[in-house]
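Spelled out, the chains give:
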Amino acid sequence: MDKMEKLIKQYLGENLNKIEKTVDCLNEQVLIDYFQRKLDEEDCQNAEKHLAGCEFCRSQLNLIFQAGEAYKRGKGEKVPEELIKKAKGLIGTDRNDHNKRIMRKKRIAKKLFFLGALISFIASFFVPKYFFQCLVVTLILGMRWAFESEGGRTLIMVLDSWRRHSHDQNDEISNRLKDKFESFHR
Amino acid sequence: MNELKLIKSCLQKEKKAWDVFVQKYSKLIYWAIRKRLNASGFKFNQDNIDGIFQEVFLSILEGDKLRQLKDAKIIPGWLAMIASNKTVDFIRRVIREDKRLVVDMPVLKDDNFRQELQQRDLFDLIGNSINSLSAKAKIVISFNLLQGRTHKEIANIMNMPTNTVSTIIARAKEKLKQDLEKKGIKDL
Chain E
1 MDKMEKLIKQ
11 YLGENLNKIE
21 KTVDCLNEQV
31 LIDYFQRKLD
41 EEDCQNAEKH
51 LAGCEFCRSQ
61 LNLIFQAGEA
71 YKRGKGEKVP
81 EELIKKAKGL
91 IGTDRNDHNK
101 RIMRKKRIAK
111 KLFFLGALIS
121 FIASFFVPKY
131 FFQCLVVTLI
141 LGMRWAFESE
151 GGRTLIMVLD
161 SWRRHSHDQN
171 DEISNRLKDK
181 FESFHR
Chain A
1 MNELKLIKSC
11 LQKEKKAWDV
21 FVQKYSKLIY
31 WAIRKRLNAS
41 GFKFNQDNID
51 GIFQEVFLSI
61 LEGDKLRQLK
71 DAKIIPGWLA
81 MIASNKTVDF
91 IRRVIREDKR
101 LVVDMPVLKD
111 DNFRQELQQR
121 DLFDLIGNSI
131 NSLSAKAKIV
141 ISFNLLQGRT
151 HKEIANIMNM
161 PTNTVSTIIA
171 RAKEKLKQDL
181 EKKGIKDL
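These protein sequence lines map, in sequence, to chains E and A.
Heads up: the first sequence begins at 1 in our numbering, then just goes up one per residue.
Heads up: the second sequence begins at 1 in our numbering, then just goes up one per residue.
Worth flagging that the hints you see were computed from the coordinates, not collected in a lab.
Be a bit skeptical, because a hint or two may be false.
Said to hold, decoys possible - Simulated pairs of lysine to aspartate or glutamate, DMTMM-like, Cα-Cα distance not exceeding 20 Å:
id	chain 1	residue 1	chain 2	residue 2
1	A	K16	E	E82
2	A	K173	A	D124
3	A	K136	A	E174
4	A	K182	A	D124
5	A	K15	A	E62
6	A	K173	E	E5
7	E	K72	A	D71
8	E	K86	A	D47
9	A	K24	E	E77
10	E	K78	A	D50
11	A	K27	E	E69
12	A	K73	E	D33
13	E	K85	A	D19
14	E	K88	A	E62
15	E	K3	A	D124
16	A	K136	E	E55
As the list claims (entries may be wrong) - Pulled from the structure, derived: some chain A residues nowhere near chain E, Cβ distances all over 10 Å:
id	residue
17	L6
18	I7
19	G184
Idealized CB from N, CA, C, for every residue including glycine.
Same shape as in the complex, but just chain A (with noise of 0.2 Å):
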């Protein structure tokens, strides 16, 4: 069956395709909302990923986002960002009823003390240096170095040459080493 009409006709709430999506989008919404529960830092169990599994599938049935894709090349991504939204949601929901932190601050032991200090200093400088870069040049070093995307992904994602992202890393990087090294760290 054609994603999108078989999309239409789970909005229809027609039970067999209905059980056709689930088999099929199954094991993506739940990577989805793996993924974004790891990448939050929150503590989570079994039970949450079940909880969050039946709301998006319960989201999709019920809400009308689906009704404006046009494009069945693009039906992982918006589960997936579905998927994610709801976990986000989860989360804040749980932190809200709980008051608990997401991510366990590390606390500070006296003999770190000082190094930590001197690593806040470099990161203040870090982060100064980066937020003089173009929006386009931020997203290109933060897609490579954070989420480990090549130099060939970063190019399908931001829609440009292969070669143009490689130029972009390498001139970010060029000038955070001159920013660093005017302000005194030479040893890069």
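Bound conformation, chain E alone (with noise of 0.2 Å):
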């Protein structure tokens, strides 16, 4: 290395130290785009502009080519186990399991309280001493069934507001129709 090779690199050298990212600098995907060239003429000439006075955003650059070097020949020092199991913690196995443990209960249970409502309802008809019973049964159950089911629950919401607002929206209904047919007349 010449004289004045090392004289440049000791001032640049001076200047990374004052390495600071300022709201000017690029953003990541401009960086990204600039590296994978895929920014229009323009936006290349501006991203040059502001890479030229920009220790930061070159920093940055270099690192987006590196990490792909660094990836590809798996450089960097060995990461600590706990940091690794701790990271991949973020996603909870426990609490995922759980969930789906709870899940899986609730949908047995909606299937075993209309296999129960159904069973029962049959044996109304097979055990004529024991109808009223089984009906009562069938009723609980089925009812049991109709509110744990996302339908059952539904199709309660949909006739509950159709009790409440039957009146109006039946009158709204008519009107409009009386209009269509009139404006049809016309």
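Using the hints, put the two standalone chains together into the complex.
Shown next as structure tokens:
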């Protein structure tokens, strides 16, 4: 390395300590697009204008380049297992499994309610002695099934809403139909 | 698993995909954090790295930056940049909280004072000369002399032929030499 190179390096090294990210710095997407040659000519020139005066963005660009190489070659020291484990734990296994277990239980319970209601309903015909008891059991299990299932809940909500607003909506619908027929006749 | 599918599954919080992702990119993220910390001159310890490391993965999980990813090749670059930015944020936070200086400025001793002043004058001259170079030449020179990138690597980064990079570097050096010689510095 000649004296000239050494001097420039020293000068640039002096300014290295002044590395600072500012509000004008290129955002990640622009840097990535610049690196992948996806910027149009004008944006490319603007990016280069900024890069020429910003050591931080130049170092980021250098990092993008080096990261690809580092990843390919598996560069870098070994990461402590504890750290990896902790990072993996950001999506918790136990919690997920617990939620899944609860969901599965609910699904099975729903099926059992429906099956029980069906069996007791059929049984009411075959065992006339306990006809009413079977019907009551059918009703209870049927209600439980209806309340547990999404469809049942939705049906209840629709019926409830219809019961509450049926008169208003009926009037509204009939008025709309009337208007349509009148405009059609005209 | 396809890299982009892996990222998508991670953003959908699928445990298995996340475990694979963490295992695959931990080393790279760790490397990027250390690199930025070393470059900043910040006095750090293992706890700092551990904290930033978790922050990076959390931001990947919660942020939506990776959603924009369309090219699997650039994933390492993206992750390294996220790690670097998180590290810079961390350093800023610590400086704000502790009111500490990032770099210990050297105290000038009397013996070295004259030499230091001469050096500063020389640096001012070099600075003026470098500032008169084109934007591309400045970037190329910085990559070559400061970051230690070869001509071929710079050609890859800047999307230009290697010969052009070599020419830019040679011309820039020649120009700087001439500028300095004009100012009376001839021993170069």
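Okay, the hints, checked on the actual structure:
{"no.": "1", "hint": "A/K16 <-> E/E82", "in the structure": "holds, 18 Å"}
{"no.": "2", "hint": "A/K173 <-> A/D124", "in the structure": "holds, 16 Å"}
{"no.": "3", "hint": "A/K136 <-> A/E174", "in the structure": "holds, 16 Å"}
{"no.": "4", "hint": "A/K182 <-> A/D124", "in the structure": "holds, 14 Å"}
{"no.": "5", "hint": "A/K15 <-> A/E62", "in the structure": "holds, 14 Å"}
{"no.": "6", "hint": "A/K173 <-> E/E5", "in the structure": "holds, 8 Å"}
{"no.": "7", "hint": "E/K72 <-> A/D71", "in the structure": "holds, 16 Å"}
{"no.": "8", "hint": "E/K86 <-> A/D47", "in the structure": "holds, 14 Å"}
{"no.": "9", "hint": "A/K24 <-> E/E77", "in the structure": "holds, 14 Å"}
{"no.": "10", "hint": "E/K78 <-> A/D50", "in the structure": "holds, 13 Å"}
{"no.": "11", "hint": "A/K27 <-> E/E69", "in the structure": "holds, 13 Å"}
{"no.": "12", "hint": "A/K73 <-> E/D33", "in the structure": "holds, 13 Å"}
{"no.": "13", "hint": "E/K85 <-> A/D19", "in the structure": "holds, 9 Å"}
{"no.": "14", "hint": "E/K88 <-> A/E62", "in the structure": "holds, 14 Å"}
{"no.": "15", "hint": "E/K3 <-> A/D124", "in the structure": "holds, 17 Å"}
{"no.": "16", "hint": "A/K136 <-> E/E55", "in the structure": "holds, 14 Å"}
{"no.": "17", "hint": "L6", "in the structure": "holds, 13 Å"}
{"no.": "18", "hint": "I7", "in the structure": "holds, 14 Å"}
{"no.": "19", "hint": "G184", "in the structure": "holds, 15 Å"}
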